[in-house]
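Protein sequence lines, in the order shown, are assigned to chains A and W.
The opening residue of the first sequence carries number 6 in the numbering used here; numbering runs sequentially from there.
The opening residue of the second sequence carries number 1428 in the numbering used here; numbering runs sequentially from there.
No lab work stands behind these hints: they were computed from the structure.
Wrong hints could be hidden among the right ones.
[Said to hold, decoys possible] Here are the simulated distance ranges between beta carbons:
| hint | chain 1 | residue 1 | chain 2 | residue 2 | range |
| --- | --- | --- | --- | --- | --- |
| 1 | W | Glu1630 | A | Thr340 | 11 to 21 Å |
| 2 | W | Ser1732 | A | Asp349 | 45 to 55 Å |
| 3 | W | Asp1726 | A | Glu72 | 52 to 62 Å |
| 4 | A | Asp107 | W | Pro1713 | 23 to 33 Å |
| 5 | A | Gly327 | W | Pro1713 | 38 to 48 Å |
| 6 | W | Asp1763 | A | Gly313 | 47 to 57 Å |
| 7 | A | Glu72 | W | Thr1610 | 25 to 35 Å |
| 8 | A | Asp285 | W | Thr1610 | 23 to 33 Å |
[Stated by the list, open to error] Listing some non-contacts, in silico: residues in chain W with all C-beta distances to chain A over 12 Å:
| hint | residue |
| --- | --- |
| 9 | Ala1429 |
| 10 | Pro1431 |
| 11 | Glu1443 |
| 12 | Glu1470 |
| 13 | Asp1488 |
| 14 | Arg1497 |
| 15 | Cys1506 |
| 16 | Glu1557 |
| 17 | Asp1576 |
| 18 | Glu1647 |
| 19 | Asp1763 |
All figures in this text were calculated on a predicted structure; none of them were measured in a lab.
A virtual CB, placed ideally from N, CA and C, is assigned to each residue, including glycine.
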Amino acid sequence: MTESPLLEVRDLEKHYPVRSGLLRRVTGHVEAVDGVSFDVREGETVGLVGESGCGKSTTATTLLGLEEPTGGEVRFDGEPVAELAGDDRDRFRRRAQIVFQDPNSAFDPRLTVGESVAEPLAIHGLDDAERRREIVVDTLERVGLSEADADRYPRAFSGGQKQRIALARALVLDPDLLVVDEPVSALDVSVQAEILSLLEDLQTDLGLAMVLVSHDLGVVRQVCDRVCVMYLGELVERGPAEALFDDPRHPYTEALLSAIPEPDPAASADAVELTGDVPDPSDPPAGCSFHPRCHCVIPPEQFDLDPGAFRSVFDLRLAVSGGDVDPDAFEDTATVREAFGVPDELGDDDAERILTEAAEAVAAGRVDAASDRLDAFESVCEREGPRLEPVADGSNGDRDGTGDGTRRAACLRVGDRVDR
Amino acid sequence: MADPLLAVRDLRVRFETDEGVVHAVDGVDFDVDVGETVCLVGESGSGKTVACESITRLLPDSTAIDGEIRFDGTDLTDCSASTLQSHRGGRIGHVFQNPQDALDPVYTVGEQVVEAIRIHRDVPKAAAREQAVGLLDRVGIGEPEARFDDYPHQFSGGMKQRVVVAMALAPDPDLLIADEPTTALDVTIQRQVLNLLADLQAERGMAVLFVTHDLGVVAEVADRVVVMYAGRVMESAGVDALFDDPAHPYTRALLACLPGRGDPFETIGGSIPDPTDPPDGCRFHPRCPHAVADCERGDHPALRSPAASSGGGRAGTNDGDGTDELDHEVACLLYDDEHALPPELAGVDTEVADD
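Here chain A stands alone, though its shape is the one from the complex (with noise of 0.2 Å):
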């Protein structure tokens, strides 16, 4: 592993001004994309997952340039992607192309299949109709269609082969790089198996690298190599992919893995459920970003409490401090506890008497000086926010000494300072 990655991602950034009021004054920003960083190597997948709204299809269209990044450096065959010009940047956009999620809205329906495929030949200079042709033909053999479909129309087709057609368009510059936007989202279970084996036969056959874009683990874990996993913006962990379902370092990672119905009956039900959804980006959480929902919130130090009683607690301080909470709406401790799943005893003789005096707080309306007992149980997850760092791991830890393939997870549970 000593040649250079083909992509290289540093510090990508993308932000979006936020407009309000009469003169459209930028009023804030939206972080859609807040420091990413990773590499793709030539021949290898790379998944990108995360829940809607996370970045993870800003990041590809900002990686390909289609968006101007905000700040940080992509990096395609060594050249910063930024800098490239004239035929240097035409260049790069016949080396990397992008399939979308969504192949019905992806066709000109009034051109023939043959002609939206041709177009980007067309486009990069290929001005012989004849080859123009030949090349579509063997192109669209190539996904699975004939060189009779070069002539129907879009409309003509199912999904899946619209999909086909839409990853054939995309191929025909013959690319090195294929970033891929959710490319089985919109289709059936049976159609999206036919279409990620061609994806996976396509790179084996081509030696492409792939970025893949997908809100689905399960469809992530089938065909890529190394997973990046993007929270608000965020990378919260990346590693090979088997090592990180097998064992997801990150409590997000886990969550979301545990959310995936599984199809066996006899699968037991004992998911983590996260609370809540996703925060929003234009103001995103202090210190780490996911401890509004985090199941494993760290507790101040001088407490002894497990995660689920602090959890609880936890989120009777956040509802609280952040003014959500009814001065009217409790009657004494017990309905206290209850709206917020606190359990009858802490198993802390501290933790049980601040949580005491702030429930009798907020249940006498004085949320003010609940609030103020509260600060008691503040987390070290509210102040300082994690960085990517090395998982200390023994068993799959530094294969690849300290190149991109090891794993990292960007959670102080992880780092070295809190690992009690």
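With chain A's structure known, arrange chain W on it following the hints.
Leaving out everything else, chain W in the frame of chain A:
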């Protein structure tokens, strides 16, 4: 044995289109018992949504619906408009795939829940408001009083689906039809909505007819499963029997496509038939790896028990409880007495045999 809550018999639904008559549902039978969850599974175009929407006739007026849909003793295909009206959204609630389309953007979510309550029961506005707040609270909307006056666009996708669930529950239905209720949501939010539905069902003893293409969801929620393909039922079984001992070649192929089961790149091959011109014989025969000459002729095979086959290979499979065996039905000629069951189908294992 009590009558099922919902009994669908020989349901046929036809649409006239420019390309010809589409037989979206073409002779479908299934039951839903009180308190039970039945999953209708199939790919796009299998007719699962049309079958559901014909129950409360949510289809265009021009649609031809034949057959019998018996709900708690009333035949819904042959009843007065007012009876139908009182069932639709009353005793039978609906939750749809996309909560974005199910809510009216110009009314507050509270008003919409109140409307769902007052349309079926004569409740004063103030009392309805109180009930609506209670429902919003029950489906997990934080601070329901405050959010009552918010508009749908102020809610996330998962929260909107919770509101839609609250509306469906408002008249306290006996049957909830949930058509791909989590397909438009992220996995973590899907998990929340599935857990909510399970809790509500246990609390209210409501039956659920759950439509989905996701077999992972099926394994989790279903008591019984009805597998549809091209407008017909292919197999119907208890959820354990279906996953442990799938009988129909289509069910087996569908299961084999799942990530983490069988060959990761197993595909069915071919595509679903043209709905205006379905093949003769078994609808699945053009794609079936086990098809024999008889599969191409006559009508679609009738449902029969897979255990009744003459192939003695299945005798040892009946180690679960016997009721599953009785409920298990498959529409495949290979399970009748005249055809030899291929060894791949006779085995207990779901894995495709290695040569």
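The hints, checked one at a time:
1. W:Glu1630 to A:Thr340: 11 to 21 Å: holds, 20 Å
2. W:Ser1732 to A:Asp349: 45 to 55 Å: holds, 51 Å
3. W:Asp1726 to A:Glu72: 52 to 62 Å: 56 Å Cβ-Cβ, so the 52 to 62 Å window holds.
4. A:Asp107 to W:Pro1713: 23 to 33 Å: holds, 28 Å
5. A:Gly327 to W:Pro1713: 38 to 48 Å: violated, 59 Å
6. W:Asp1763 to A:Gly313: 47 to 57 Å: holds, 54 Å
7. A:Glu72 to W:Thr1610: 25 to 35 Å: holds, 29 Å
8. A:Asp285 to W:Thr1610: 23 to 33 Å: holds, 24 Å
9. Ala1429: Non-interface label on W:Ala1429 holds, nearest chain A Cβ at 25 Å vs cutoff 12 Å.
10. Pro1431: With a cut-off of 12 Å, W:Pro1431 remains clear of chain A, as the shortest Cβ separation is near 22 Å.
11. Glu1443: holds, 20 Å
12. Glu1470: violated, 4 Å
13. Asp1488: holds, 27 Å
14. Arg1497: Given a closest Cβ separation of 28 Å, the condition holds.
15. Cys1506: holds, 35 Å
16. Glu1557: holds, 15 Å
17. Asp1576: The claim stands: W:Asp1576 keeps its Cβ more than 12 Å from every Cβ of chain A (closest is about 15 Å).
18. Glu1647: violated, 5 Å
19. Asp1763: Holds: least Cβ distance 26 Å, greater than 12 Å.
Violation of the numbered hints given earlier is confined to hints 5, 12 and 18; the remaining hints are satisfied by the structure.
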